[in-house]
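Participant: As a plain string of letters, each chain reads:
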Amino acid sequence: MRLITHNMLKCHVKNCDNPDKQFPLRFKGAELEQVEAERNDEFLVRMIPRLDWRALLVTAKELGIELPENIPEDPENDDAFLQALHTAILETHVKEGSMVCNGCNHEYKITKGIPNMLLAEHEI
Amino acid sequence: MPKFIVYFAQLHEDFRLPELDALSKLENVRVEYDPRSYIRSSPFLVVEISSSEQAAKLVRRAILIRSIIEYWGSGRTYSDVYAEVKHEQERWALYKTSSFKFTVDAFGKSLTQEEKVRVINGFSFLEFTGPIRMRNAQAEFFVCEEYDETREPKIWFGRVVGTGSRDLIDRFDVKKRKYLGNTTMDAELSLLMANQAQAQNGMFVYDPFVGTGSFLLTCAHFGACTVGSDIDGRQIRGTAGFKRGVDGIRANLAQYNVESRVIDTAVFDASRNPWRPGPLFDAIVTDPPYGVRAGAKRQGRVGGTKSELSLRLVDGTPNHARTDYYPPTEPYEMSFVIRDLLHLAAEKLVVGGRLVYWLPTVAGEYTPHDVPEHPVLQLVANSEQPFGSWSRRLITMEKIKPLDSHEAVVPERDPAHKNFRDRYFNKFEPVA
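Taken in sequence, the protein lines are chains A and B. Add 5 to the 1-based position in the first sequence for this note's numbering, that's all there is to it. Add 752 to the 1-based position in the second sequence for this note's numbering, that's all there is to it.
FYI, nobody ran anything at the bench for these hints, they're computed from the structure. Please read these numbers as outputs of a predicted model, since none were measured by experiment. All C-beta atoms, glycine included, are put in the ideal place defined by N, C-alpha and C. Any given hint could turn out to be false.
[Said to hold, decoys possible] Some, not all, of what chain B presents toward chain A, calculated at C-beta under 7 Å:
1) Ala1018
2) Phe1020
3) Ala1115
[To be verified] Quick list of in silico lysine-lysine cross-link-like pairs, BS3-like style, CA-CA up to 27 Å:
4) Lys19(A) with Lys1058(B)
5) Lys117(A) with Lys927(B)
6) Lys1049(B) with Lys1170(B)
7) Lys117(A) with Lys66(A)
8) Lys117(A) with Lys1049(B)
9) Lys928(B) with Lys117(A)
10) Lys114(A) with Lys1170(B)
11) Lys19(A) with Lys1049(B)
12) Lys1179(B) with Lys1049(B)
13) Lys755(B) with Lys906(B)
14) Lys848(B) with Lys809(B)
15) Lys906(B) with Lys868(B)
16) Lys848(B) with Lys868(B)
17) Lys838(B) with Lys906(B)
18) Lys114(A) with Lys755(B)
19) Lys1153(B) with Lys777(B)
20) Lys19(A) with Lys33(A)
21) Lys809(B) with Lys853(B)
22) Lys1058(B) with Lys100(A)
23) Lys777(B) with Lys755(B)
24) Lys117(A) with Lys930(B)
[As the list claims (entries may be wrong)] Here are some chain A residues the structure puts well away from chain B; computed CB gaps all over 10 Å:
25) Glu43
26) Glu71
27) Leu72
When you get a sec, could you build the whole thing from the sequences and use the hints?
Facilitator: Here it is in structure tokens:
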């Protein structure tokens, strides 16, 4: 699972609705893999407003990924920024491990890069 | 504006004009035509476009268009055609010394080789002096005799200026895929849906019933980045489906050169999804389960969930924490599947984004009122693929304004796709 997707997922257990706790999900036992991908600046620039930057920074720090604190004024023309963003959100894959909710402690397992976000019966 | 002839493929007739319109917007090429001149049983439509370059650009991605032809003449007889062509003699001069080729076709009839040669010779008044090239000719001329039930031909003549992308159908043929399943959508329609969604570079496209991932592939082929989810992880991982041990959706990515653009897949119930609030996607492209081949289900239990069942201890471990725990599912009736899909689209699409999905309907009972509505989604296209007693319709909707606190319109009557699964297995006998 790439970090761009993780940046868009929150905990959805019944009654777990504190937005500060349910997002972002905290990684536990994350096994990372860097996989080179074709850089797509049009996509990166278009997605910047849809990312939750604060959450992305929290996650990046957690995993030891380099990411600038601030989004530049003119990201389209900032090659260094786009490269760092591309590497962080599109080339960093979490292959195994789990994502834990800071609110209710539910663990969503990740297997072969695919997160399982099905809820148990008491959480629906 | 100059006239061109759109040469359509003669199938999926209901889908042809919507694709043309979608491409016109996507490629930013203005195309004008009289909708009343569109004939379902004809592969030809005369349109006006500002230039040959724009015409070629318009059709380059088209799945239901063979080619686009600069209009030189048409008529009931060759004499009529020659007369029209002779009106613009300055145009021939452009091709006097070019290498050229004549393609002679007939629709609704077969022409012998001799007849075709006679047709070509009939155009010798053009007095082209350049060499004939069967491949890579600088100018390709197209003649077609179109026959309908009256047996009276209509003859079309012009210069080919652009071709569509029907060659992609073979490349994406499901039989060639490393991984597929019994609900995998055929290549032609999967590609068409990508055009309806206007999938292009920079876009982020989501399929909430991703199955074996056909739409992730075709939308990514056209440049979009894609994500998919499904309640059934086995379809995604490839532990169920026709080809096991192949690593599921991932197996197809390298084959189609889209590894960088198929971003992720995840396992969850679309109706109870974990996306954070707000618009995230430029398009949602999907084929929801009708409950026929793939049982439509959602998380839950018939009669209500029983928390004690997942919380109780089994050999000292809470049931839900055991490795073989699988949460219960309940049937998910078709009209609710669609209703929830519209809610999902209304909330998670950016303004201007499109929802493209299949709606199964019962022939003879369907009325346009059956197409679900939503205050922020505008109906753009509705194309029918008939199967006799039932049909499915490719619905395209566009989000026209932000979602505030609008409520979905509650239908007054049961739509013809209500309880579709039961109707299907009861051979669509009328409901009391």
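Participant: Given the hint that Lys117(A) pairs with Lys930(B), test it: the Cα-Cα distance must not exceed 27 Å.
Facilitator: Status holds; Cα separation ~18 Å.
Participant: Below or equal to 27 Å on CA atoms is what counts here, so check Lys117(A) against Lys66(A).
Facilitator: holds, 23 Å
Participant: Below or equal to 27 Å on CA atoms is what counts here, so check Lys19(A) against Lys1049(B).
Facilitator: holds, 19 Å
Participant: Are all beta-carbon distances from Glu43(A) to chain B longer than 10 Å?
Facilitator: Answer for Glu43(A): violated, closest chain B Cβ roughly 4 Å.
Participant: What's the verdict on Lys117(A) and Lys1049(B), does the C-alpha distance respect the 27 Å limit or exceed it?
Facilitator: holds, 24 Å
Participant: Run the distance test for Lys848(B) versus Lys809(B): straight-line Cα separation, threshold 27 Å.
Facilitator: holds, 26 Å
Participant: Decide if the proposed pair is consistent with the structure: Lys19(A) and Lys33(A), CA atoms, cutoff 27 Å inclusive.
Facilitator: OK: Lys19(A) and Lys33(A) at ~22 Å, within 27 Å.
Participant: Against chain B, does Glu71(A) keep a CB gap of more than 10 Å to every residue?
Facilitator: holds, 20 Å
Participant: Taking only the CA atoms, is the gap from Lys906(B) to Lys868(B) under or equal to 27 Å?
Facilitator: holds, 16 Å
Participant: Holds or violated: the hint that Phe1020(B) contacts chain A, with Cβ atoms closer than 7 Å.
Facilitator: This interface hint holds because 4 Å falls under the 7 Å limit.
Participant: Holds or violated: the hint that Ala1018(B) contacts chain A, with Cβ atoms closer than 7 Å.
Facilitator: holds, 5 Å
Participant: With the threshold set at 27 Å, check whether the alpha-carbon distance from Lys838(B) to Lys906(B) stays at or below it.
Facilitator: Satisfied, since the Cα-Cα distance of roughly 18 Å is no more than 27 Å.
Going through the hint list in order, the structure does not satisfy hints 3, 10, 18, 22, 25.
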